[in-house]
Amino acid sequence: MTAHFPILQVIIPLLAAPLCLFIRIPRIVGIFAILVSATAFFISCSLLQEVVTGGTLSYQLGGWAAPWGIEYRIDKLNGYLLLLVSGISTIVLVAAQTSISKELPENRHTFFYTAYLLCLTGLLGILATADAFNLFVFLEISALSSYTLIAIGTDRRALTASYQYLVMGTIGATFIIIGVGLMYMMTGTLNMYDLAERLPAVYESKTVLSAFGFFIVGVCLKLALFPLHLWLPNAYAYAPSITTAFLAATSTKVAVYVLIRYIFSIFGIEFVDMSLPLGDIFLFLGLTGIFVASVAAIYQLNIKRLFAYSSVAQIGYIILGLAIETELGLTATLLHLFNHALMKAAIFLAIGAVVYRIGSAQLSHYAGLGKKMPWTMAAIVAGGLSLIGVPLTVGFVSKWYLVVALLDKGWWPVAVLVLISSLIAVIYVWRVVEWIYLTPPRIITDEIKEAPMSQLIPIWILVLANIYFGVDTRLTVGVSKLAAQSLFGVN
Amino acid sequence: MVTAIAIARMSDLFAVVMLSGIYSLLSASLFLDLDAVDVAFTEASVGAGISTLLFLATLKLVPRYEKKSRYKPTLALGVVIATGALLIYGTLDMPHFGEADAPVHQHVAPRYLNDSMNEVGIPNVVTSVLASYRGYDTLGETLVVFTAGIGVLSLLMVSRRTKEKALQKVPADMQNQIILRVVAKMMLPLILIFALYVQFHGDYGPGGGFQAGVIFAAGIILYTMLFGLSLTQKVIKTEVVERLTAFGVLLYAGVGIACMLLGGNFLDYNVLRHDPVHGQHLGILLVELGVGITVAAVMVTLFFKFTWRTVKHKYNQ
Amino acid sequence: MNIIGLYNYWIVVVLMLIGFFIVIAHENLIKKLVGLSIFQTSVFFLYISMGKVAGATAPILDENYQLYSNPLPHVLILTAIVVGIATTAMGLALVVRIYEAYGSIEESDIQVQDNNDRLEDYLEAYGRKNDTHLFNQDKDE
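Protein chains in written order, with this note's numbering: chain A, 1 to 491; chain U, 492 to 808; chain F, 809 to 949.
For the record, the hints were derived by calculation from the structure and aren't laboratory data.
Source: prediction; values computed, not measured.
Warning: the hint list may mix true and false statements.
Straight-line Cα separation of at most 35 Å, DSBU-like style, residue types lysine-lysine; simulated pairs [unchecked claim]:
#1 U:Lys728 x A:Lys102
#2 U:Lys551 x U:Lys805
#3 U:Lys805 x U:Lys725
#4 U:Lys803 x A:Lys102
#5 A:Lys102 x U:Lys805
#6 A:Lys102 x U:Lys551
#7 U:Lys803 x U:Lys676
#8 A:Lys102 x A:Lys449
#9 U:Lys551 x U:Lys728
Model the full structure from these sequences, guided by the hints.
Spelled out as structure tokens, the structure:
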């Protein structure tokens with residue numbers, strides 16, 4: 001049985017999604033989805049453990065050997081991310097039932113869960129696969145289901161946001177298949193590890209360089225790297241809260257994984273250095289992204305939009321770690337992937353709980369909620385502190401590693417800029433705190449109560465995880481370091 | 492190519508959609524010229540058929556003419572030129588068109604051509620790669636279709652009450668076209684039989700679950716256009732069609748699971764029967780059926796949903 | 809020689825650029841989708857072209873033929889066509905809903921309406937903030 005775990009990881013949500021249409025009773029579908037996601041989480045735990053102790057796992061689909069058939073290959077890097085995605089998905093789903101009961105009409109609930117499971121399938125499939133074209137197929141599954149998840153709500157702006165995302169996302173995906181096609185043209189293979197072996201022979205060709213260019217641009221569209229981030233703020237702001245929490249924590253992270261996989265495992269860092277000043281480009285875009293998006297976050301009136309811009313800024317930090325091109329830098333990137341997912345899931349779930357109670361994500365409606373919903377508000381503030389990078393939170397750990405990596409490389413001006421950018425984060429988080437705690441409530445009603453337990457528990461699991469992994473860094477730092485080492489070891 | 496430029500210049504959306512249908516047909520003939528029979532078949536049925544139909548259904552709901560843009564698309568032109576430059580640069584080192592010793596023909600593909608007869612046992616190599624060697628991609632593809640079905644279902648919902656009220660008020664469009672109706676009645680069985688032929692003949696000639704699903708759906712759509720939604724819905728229940736979309740995916744993945752239970756890897760059809768080649772036959776037959784069911788059901792659902800919107804709007808007016 | 813050998817790919821590039829241009833330069837939501845499908849179709853040509861072997865026939869095994877074109881690109885493109893139609897259907901459903909909600913399918917019109925919404929949010933936030941100040945003063949007095 002355990003031998004089939006790599007495929008079961010993806011197949012279980014895949015089978016569960018169509019089954020939802022047969023169950024049809026929203027309440028039961030919700031519980032079913034939680035069970036499915038939890039099973040996926042346990043599988044990923046066992047997979048990660050096996051990968052860390054035993055080494056890379058390979059699974060041949062259809063029993064056909066690798067370059068002819070499709071292969072699943074789990075190593076430390078994607079094992080780590082599988083754990084992250086399935087874990088976050090499970091926690092978010094626990095809060096889903098209450099939240100969507102308010103934000104979606106009853107007859108769409110089943111479709112919501114189906115699309116959610118499809119999205120989970122897509123993301124897990126991208127992570128597990130070792131086949132370049134299979135990756136594209138699962139990318140489209142996750143993309144199409146996220147368009148649905150965004151547009152399914154009642155806000156009309158979600159429709160345009162979803163359309164914009166659809167157009168940008170499809171352009172990105174098409175760029176990716178152009179890249180894959182050109183690579184296939186020069187090597188005759190689609191398997192990632194076979195590609196890695198065969199590409200060095202044609203490194204010099206212009207076609208491979210252009211393939212690389214298309215691929216990188218396509219993935220950067222998907223991961224919303226500045227200035228290709230335009231679809232993200234609206235999509236996150238107007239989607240149902242659960243969608244925002246899930247996508248913000250996972251989908252851009254998976255796109256970053258694809259980037260890392262291609263740069264390190266397939267093309268190899270030597271090729272990248274030789275052909276393009278990618279490090280410098282990422283450094284520039286990452287830093288500009290951090291500053292532009294952080295400043296934009298300050299001026300937002302919608303709290304979801306505010307934190308969406310902050311997500312764009314955080315992607316900047318993640319890319320910055322890649323730009324360093326050292327093992328330490330990569331460790332910082334991987335750490336921040338994990339930590340940022342924890343922070344944003346906690347924050348957006350907490351916002352979801354407020355939307356459940358007051359029906360709005362306008363910052364001005366949050367005035368005085370600090371007293372009415374103390375636990376929820378404390379969660380938002382804890383997440384905010386983590387975004388800034390205050391000690392004892394996960395945000396501190398990843399920023400610390402990033403700064404150390406920058407200093408190690410000798411890029412101290414960049415390190416200083418990173419620290420300055422944290423001050424901008426202080427400003428936007430302070431704006432939230434100001435509205436919540438320091439502005440007197442304008443509508444005094446007794447109806448506003450603390451969020452229900454079904455939401456508070458998942459929120460606080462995430463907040464405690466934020467603090468726990470901020471203090472006890474053995475798991476996250478350990479696995480990130482192992483993954484980074486193995487990626488550099490390959491080359 | 493001329494068609495493509497014309498599409499770019501026109502502002503009458505109806506003409507644009509028609510031209511894009513023509514463009515698809517031209518593409519299909521070009522694919523045929525490049526030996527891609529299966530692809531040509533699919534492009535003709537999807538690009539020229541279903542996709543044009545969906546565009547037209549949408550145009551019924553939205554304004555027909557495009558507004559003239561106020562902005563000069565300089566930035567867009569710049570981006571496009573940059574992309575083009577990168578692509579042309581990339582083509583410079585490409586193996587020439589039609590060359591037999593290009594890398595794509597040296598690695599991986601020869602095994603499909605040389606050994607698939609022994610390993611899978613069906614003459615259409617495209618089908619054996621599609622359903623067996625890369626069967627997992629096709630499962631993914633079926634899931635993409637299913638996802639789109641879910642997306643459209645959740646976006647274009649029409650409540651049962653509106654449906655019932657609307658039906659009483661809006662008559663079928665083509666009540667009086669007797670010739671069309673008679674011809675269609677005669678055509679319908681032929682179309683459906685042809686769909687089944689394409690479904691089960693995919694092993695030997697071009698065709699397979701996907702194309703068959705589209706043709707099957709086309710038959711039902713033709714019927715709906717001529718006899719009205721209410722009559723069609725009496726024969727084909729929406730709920731059933733919706734469940735069928737899920738059933739196809741389940742059938743496909745179920746075959747995979749069955750292979751696992753019988754001791755093979757996921758989708759390893761060899762273990763389904765004592766003789767591997769028989770196992771492959773059975774597996775491919777079943778998964779193609781799964782693809783066909785999901786595709787047909789999703790296409791019919793898409794058409795129903797778009798049409799219901801039109802009916803609803805008419806009713807509201 | 810060089811140019812003749814690459815001729816087919818260059819046509820693909822031109823088609824690709826026309827499609828891409830329609831997507832990013834036009835404001836009509838339906839036209840964008842048409843552009844998107846042209847863009848995707850041109851990628852299909854790229855794949856199918858590379859699978860062609862001069863003088864070969866379609867990859868359906870038969871004793872009368874020896875040389876076949878490469879089947880793998882065909883398989884990939886079958887999948888890609890399906891993905892393309894799925895995206896188009898999804899996009900069109902969104903267009904229908906957008907038209908119902910905004911009464912327009914021109915990007916600029918929609919943007920104007922969204923900006924108005926946002927302006928209202930802005931006025932509400934700051935307008936009400938002033939209200940509360942007044943409210944507090946009342947209480948102080």
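Quick rundown of the hints versus the structure:
Between lysine 728 (chain U) and lysine 102 (chain A), the direct Cα distance comes to roughly 30 Å. Compliance with the 35 Å bound is thereby established for this hinted pair. For the hint linking lysine 551 (chain U) to lysine 805 (chain U), the alpha-carbon distance of about 11 Å falls within 35 Å, and the restraint holds. Only pairs whose Cα atoms come within 35 Å are accepted, and lysine 805 (chain U) paired with lysine 725 (chain U) is accepted, the gap being roughly 21 Å. Our distance criterion of 35 Å between C-alpha atoms is met by lysine 803 (chain U) and lysine 102 (chain A), whose separation comes to about 26 Å.
Between lysine 102 (chain A) and lysine 805 (chain U), the direct Cα distance comes to roughly 31 Å. Compliance with the 35 Å bound is thereby established for this hinted pair. Distance restraint check for lysine 102 (chain A) and lysine 551 (chain U): the Cα-Cα separation of roughly 33 Å lies within the 35 Å cut-off, and the hinted pair is therefore satisfied. Simply put, lysine 803 (chain U) and lysine 676 (chain U) have alpha-carbon atoms about 27 Å apart, close enough for the 35 Å limit, and the pair holds. Between lysine 102 (chain A) and lysine 449 (chain A) the alpha-carbon distance is near 15 Å, which keeps this suggested pair within the 35 Å criterion.
For the given pair, lysine 551 (chain U) sits about 24 Å from lysine 728 (chain U) by alpha-carbon distance, which is consistent with the 35 Å threshold.
Taken one by one, the earlier hints all hold for this structure without exception.
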